[in-house]
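There are 2 protein chains.
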Amino acid sequence: MADSYWLWYPGDMELYYRMEQDFSRVERGYGWPAFWKSDGFRNRVVFRRTYDLERETEFRVVSKAVGYVLAGDKKYPFGQRVCCPRGEVRISIHAARIDAFPSVYIEGETVCSDRGWMAEDYAQPPVPAGYSRYFTRPDQDPARWEYSEEIYLPVKTERINGGVLYEFETELTAALQVRCGRERLEGMTVFCGESREEALDRERCYYSWTPGPDTGEPPRCAVRFAFIPGEEVELAALHRYVDIPVRARFHSGDPLLDRIWAVAEHTFRLCSGVFFIDGVKRDKWIWSGDAYQSLFVNRYLLADPDIEGRTLLALRGNDPMTGHINTIMDYSLLWVLGVKEHFAAYGGREFLELIWPKVRSLLAFCEKRLDGRGFLTAREGDWVFIDWAELDKDGPFGAEQMLLCACWQAAAELSGALGLDGGEYRARRDALAAQIDACYWDGELGAYVDSFTSGRRHVSRQTNLLAVRCGVADGEKRALILKNVIDNPAVPPITTPYFNFFQLDVLADCGRLDEVMERLRSYWGGMLDRGAVTFWEEFDPAVTGPAQYDMYGDRFGKSLCHAWSASPIYLLGRYFAGLRREGEGFAIAPRLDYLPELDCVLPVDGGDGFASLRAEGGALTAHTNRPGGVLELNGRRFPLPVDGDLTVEL
Amino acid sequence: MADSYWLWYPGDMELYYRMEQDFSRVERGYGWPAFWKSDGFRNRVVFRRTYDLERETEFRVVSKAVGYVLAGDKKYPFGQRVCCPRGEVRISIHAARIDAFPSVYIEGETVCSDRGWMAEDYAQPPVPAGYSRYFTRPDQDPARWEYSEEIYLPVKTERINGGVLYEFETELTAALQVRCGRERLEGMTVFCGESREEALDRERCYYSWTPGPDTGEPPRCAVRFAFIPGEEVELAALHRYVDIPVRARFHSGDPLLDRIWAVAEHTFRLCSGVFFIDGVKRDKWIWSGDAYQSLFVNRYLLADPDIEGRTLLALRGNDPMTGHINTIMDYSLLWVLGVKEHFAAYGGREFLELIWPKVRSLLAFCEKRLDGRGFLTAREGDWVFIDWAELDKDGPFGAEQMLLCACWQAAAELSGALGLDGGEYRARRDALAAQIDACYWDGELGAYVDSFTSGRRHVSRQTNLLAVRCGVADGEKRALILKNVIDNPAVPPITTPYFNFFQLDVLADCGRLDEVMERLRSYWGGMLDRGAVTFWEEFDPAVTGPAQYDMYGDRFGKSLCHAWSASPIYLLGRYFAGLRREGEGFAIAPRLDYLPELDCVLPVDGGDGFASLRAEGGALTAHTNRPGGVLELNGRRFPLPVDGDLTVEL
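Same order as they appear, the protein sequences are chains A and B.
Numbering-wise, the first sequence is residues 17 to 666 according to this note's numbering.
Numbering-wise, the second sequence is residues 17 to 666 according to this note's numbering.
I should point out that these hints are in silico values taken from the structure, not numbers from a laboratory.
Take the hints with a grain of salt, since some may be wrong.
[As the list claims (entries may be wrong)] Think about it this way: if two alpha-carbon atoms lie no more than 25 Å apart in a straight line, the pair counts; the simulated DMTMM-like pairs of lysine to aspartate or glutamate are: (1) K91/A with E406/B; (2) K493/B with E406/B; (3) K90/B with D320/A; (4) K493/A with D525/A; (5) K80/B with E104/B; (6) K80/A with D299/B; (7) K91/A with E213/B; (8) K91/A with D566/B; (9) K384/A with D453/A; (10) K80/A with E174/A; (11) K90/B with E125/B; (12) K384/A with D335/B; (13) K91/A with E219/B; (14) K91/B with D453/A.
[Stated by the list, open to error] Which chain A residues face chain B? A few, computed with CB under 8 Å, are given here: (15) G45; (16) V82; (17) G83; (18) Y138; (19) G339; (20) Y539.
For each residue, glycine too, the CB sits at the ideal point set by N, CA and C.
Using the sequences and the accompanying hints, generate a full structural model.
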C-alpha cells in the first residue's frame, strides 16, 4: 500500500490556516483581525483519477465533507467499501464543505490518496491535488492542525504586589493551566507578559485572561512571565508549536556568538509555525516582507521547504489579485523574490508549477499600475512602505523600482526553470534598469535618489541598498554607493532591524565582515545584556528601563520575540560559516579568522543533506552527504567527497 | 431606539445558505452536492458609519465574529459598552469569521444597526450593509436560520410487509421522531417515501435512515409515508419550513380549480424556504430556470420580494463570473430576466443598486462569448439546455438568442430605472433582433428555425415560443408562429412541465384561455385523480402503477413536489382572476365566463397591498387598499377606490 495523504484543492489548506493565523491577534481584550482581504478556500471540489487496474481492488474514502465517490458509473457514500474490477476505471470524488476546506483521504491497496490525483474547483483547469506531510492518517481532519505540545513549569516565583509573579525559563506560546480550588479560580485574572514589567502592569499588559471555570485554562498567548493576584497557585504552561526539526548546529568557541545563535534559533522557531509570522505576541500576522527575510534564516536552520510553500501560498491568495499583498506594494514584489529564493534553495518543480500562475497574475496586476516609463506607481489604498524612515516618496518611488527590476529578473529565471521563454521578462528588466539609471541616478551625488519628480534629490540608504541588492547598480555604481551613501554619515542611518537585514546582507556581500561582526556583537549582544531570551522587534541601546518595551507609542507595544531579529543565523551561516548554493551543489568558505573554533552542521538542501565543518588542532575537517560540495579555504577549492571526511591543514 | 438588524456584507448571507441548500441533497445514503462552482462568502469585513451625535450616547456590538469596534480613535471589544460624546464620531466595526459569514448587531439608542451602515470587504468600494427581516434580535446568529416547526402525527397506519406503514396527511420536509424503548430503537431503519410505493421499497426508496440512539430522530427529508419494520411505534414528523405568509385566497366555485389552487399552494410553499428550490426531495438545489418560473407564482401567492432577492443573489454569486449560472447558458439569461421581473413586480431601488453591478458583469461575461453577429455561443463546459427535447443546437442556438435579446432589453430598462443611459443596451437589442430575423426566420416555413448553420431547418416550439415571449417576433410573425408552430401537430409537442409554463403563458397571453383551462383540468386535475397532495415534477396520464414514479431512468427518481408545477397559481391569478401590473398601479380583468363564483384576494405589491374580487348575486364587488387600481370588465374600465368597495352589476 502506497502512502496516503489527505487531499484538497492546492492552496486551500493554506488559505484556511492563514485566516486562523491572521484572525488570531488579540490585544487587551479585543480581537484584531488583519486589515486586508482574506481570500477564502473553495467549498466545492472534485478529485479525479483514472486507474488501469491489474486486478480487482477495494478502497474506501474518508472525509468530513458532504459528497460521494463515483467509480465507473456507480455512486458510493463516503466510508463505504468500493470494489473495482480489473481494467480501466475512472474515479471521481465529489466533496463540499462550508466551515473549512473540503478534503478526502483514500484507504486502499492500489487506489489510495497518494500523488497523482487531480483537483478541480469548477472554475479552472484541473491541477494536482494539494497535500501535506502533516496529514497522512485517516483519523485526522486537515482543518484541525495537530500541534505539538510541551509542558513548562515556572522556574521562579516571587511574591509581589499582593500576588505572585511566575517566571518561565523562556518565552512560550502557551495556555497557562491553573490548578486550584474552584473557589480560588472564581474571578481570577491572569496577567501575562513577555517581560516582568509587562506582567506586573495590570492596566497595560497585552494579555490578561480569566481562566475557564472548568478547564482552569485561559487562551493561548505569548508568555514568559505571569502575574496572579493572591496566594500562590499551581501553574503550568502548555506550550504549543509546530515541530519543525532543527537541522543546523553552530559552535564558534565564542560564547557571545554561540549564545546569539541559540537565542536567534529559539526566536525563529517560536515564529515558525504553520507559517512564518512576524512575532508571537504581535501581530501574529503573515507579512510578506517579514516572511521574505525568514526564508534566508530558514535556509540555514530548519531548511524546511514546506513552511515556505505554505507561507508563499497563504500570502498570495486567489486570482484575480485585487490588492497588494498585505496592502503593501513592496510586499507584493518581495513575494515574487521570495518565490525565486525558495526555488533557488530547494528546487521543486511541482511547487513552481503550482505557484507560477500566481507569480504571473501578480506581475499582471502590477503591470496595470505601471506608468509610461515602466515604473510601478501607487493607486489609492496601496501602501508604499519600504521602511519606517524619512523617504521621498513623491512620484514613483525609487526603491520600489529596484524591487520591480529584480522581479522581472526573477520571472525570467523562473520561466527558464519551467522551460518557458523568459525573453519578455528579461527585456522588461533591461528596459526598466535603463529607465532607473536615466531617471534616478544622480551623477553629481553619485547615488540614486528616491524621487526624480520632487526635485529634492533626496538620497536614502534604502533605495541605494536595494539598487545594489537587486542588481540594478553595476560595479562602478556599487562602489560609488558604498562611498557616497553607505559610508556617508550625512545619510540618515538605518534604524529598523527590518532594513538592517538588507544593509548587513549588502555589507557582508561586499566583504565588509568586520562591520557585520561588530554589529552582531553590539546589537544582538546588547539585547542579551538586557537579559533577552528571544530577540526583539527593535533594540536601541540608548533606551533603558520600562521605556525599552515601548513601540508604536504603546507601552509594551514592542514584540520581544520577532522573526526578523533572527537574522544572525543567516549572517553567520552565509558569511562566516560561509555556506552558499553553487550550481547544483554548494560551496562552503568558512572564515576561521572570525570563528577560530568553528564546529557546525548546516543543511544544504530541503531534504537531509548537510555539510559539517570542524576546526580542531590546526586542521579543518569537512563532511557532507551530498555530491557537488566544495570547500573554499584561503583561495583554494577542495571538492568534498560524499560521506567521507576531507581534512585540510590550516 | 430604531429597529436594529444583524448586518453583513450584502449577498454573503445568501451565499452561505446557498451552500447549505446546494449541499443538502442526499440520495440513497450519499451526499450529492451541486456540481457547479460554489462562491464563498467573505471572511473579513468592516462596517462603517459616521454619526453627528446631539448628545452623549452608548452602544454595544454583539457578534460571533472575531473583531473590535473603533469609535473615534479608541478600540473596544465586542460586548463592551461604548460611550460616545456629543459631536461627530466615526465608527468602524471590524469582523472576521471563518466558518460562516461575519455579522454584527448593534444595540443602542442612537447608534444601532439600522439602515445606513456601509460594508467593505477590502477589495471593492463600500456598499450598503446587508440585512434581513429574519435577523433582528441580539441573541441570534445569522448563520443559524430559525426555521418554523410544526408537529404532524400520522393520519393512518397500516400493518404490512412485517412492519408498519405510517401516512401523514400531506408531504412534509420533516425529521421523524421515533418514540420507543432504546432496545427497539437499536438497529431500527426508517424508510421514507413521497409515495406509498416508495416507502415500501426498502431497496430503492431515496431516504432510509437510522434514528439517532439518543434523539430517536433521523435527518430531515421529504416524507409523506414512512415504513418501519416490526411492531408499531409512536411516530411524529417535525416539519420544518420558512413561514412566509400566504397573501392570496382563491375560490372559484369550481371544486377542481379550487383544489388545484390549494395543492399548488402547498407545493409552492414547500419549495419556498430560504430560497426557491426545485423540489423538496430532489434536487433541493437552486436552479435559475426553476427560480425564474417561481417568481411568477410568488407574485400571485406570497408576493414576498425577500425570497426573490435571496434567490437572485444566491444564484449569481461573486464577481468575476467564471461560468454560467448552474453551468447553463440559458439559466444565466433567465437570471437577468428574473431581475427585471422582480423589479417590475416590487420596485426596490436599493436592491436594484445592489444587483445591478452583477447584471452588468453577467452581461459582460456573455459578451466575451458573442460571435461576430452578436449571437451567444457556447464554450467548452457550457450547457445549452433550453428544454429536454430534440432541438437542433448546431452553431449558435436560436432559442438562446431570443433570451439574449430580452436580456439586452431588460438591461436597457433597468438602466433607465437607475437613471443611467440604456442606449447601448437598446442598440444591442435592436441589432440582435435584426440579426435573428435575418438568420433564423425562415420565410418559407413561416417560423424561426433552431439553427441556421446546420441546414436542417429544424422548427421547434421552444425557439418560437421564446421568440414570442421575448418580444422578438412582431405581430405578423407572432400570428404565423401560432399557425405554423403552435397549432401545427407536426411540430413535436412540449413534453416537460418546465416548458409547458412558457407555452401556456404564451397561449394565455394570446387570449386562448379555453386551451389553458383545458390543460389545467387535464394535466393538474389528472394528478389529483392519482391522489396527488403536491404537484409532480412531471405527469404523463398514459403511465400508471409504480412506473409513474420513475424519472431519469430511476425508480422513484421523480420528484412529487416540484415548484414548477405550481404554475396554476400564476395562470389562474394572471389570466383568469386577471390581475396584472399597469404603470404604477394594477388592472384586474376577471374572466367570470370561466370563474362564475370568483371570490379571491390577490397581492398587488410586495407589502400588504391587495385586491379582492367577489362575484355574488349578479354583481361583482372589487376592493383594494392601494391607489392606481382599475377593474376591467366587459371592455369597460372602472377606477378602484382606495379602502372602499366598487360594485358592478353583471
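Here's how the hints hold up against the structure:
no.: 1; hint: K91/A with E406/B; result: violated, 29 Å
no.: 2; hint: K493/B with E406/B; result: holds, 23 Å
no.: 3; hint: K90/B with D320/A; result: violated, 41 Å
no.: 4; hint: K493/A with D525/A; result: holds, 15 Å
no.: 5; hint: K80/B with E104/B; result: violated, 28 Å
no.: 6; hint: K80/A with D299/B; result: holds, 22 Å
no.: 7; hint: K91/A with E213/B; result: holds, 23 Å
no.: 8; hint: K91/A with D566/B; result: holds, 19 Å
no.: 9; hint: K384/A with D453/A; result: holds, 22 Å
no.: 10; hint: K80/A with E174/A; result: violated, 48 Å
no.: 11; hint: K90/B with E125/B; result: holds, 20 Å
no.: 12; hint: K384/A with D335/B; result: holds, 19 Å
no.: 13; hint: K91/A with E219/B; result: holds, 15 Å
no.: 14; hint: K91/B with D453/A; result: violated, 46 Å
no.: 15; hint: G45; result: holds, 5 Å
no.: 16; hint: V82; result: holds, 4 Å
no.: 17; hint: G83; result: holds, 5 Å
no.: 18; hint: Y138; result: holds, 4 Å
no.: 19; hint: G339; result: holds, 6 Å
no.: 20; hint: Y539; result: violated, 33 Å
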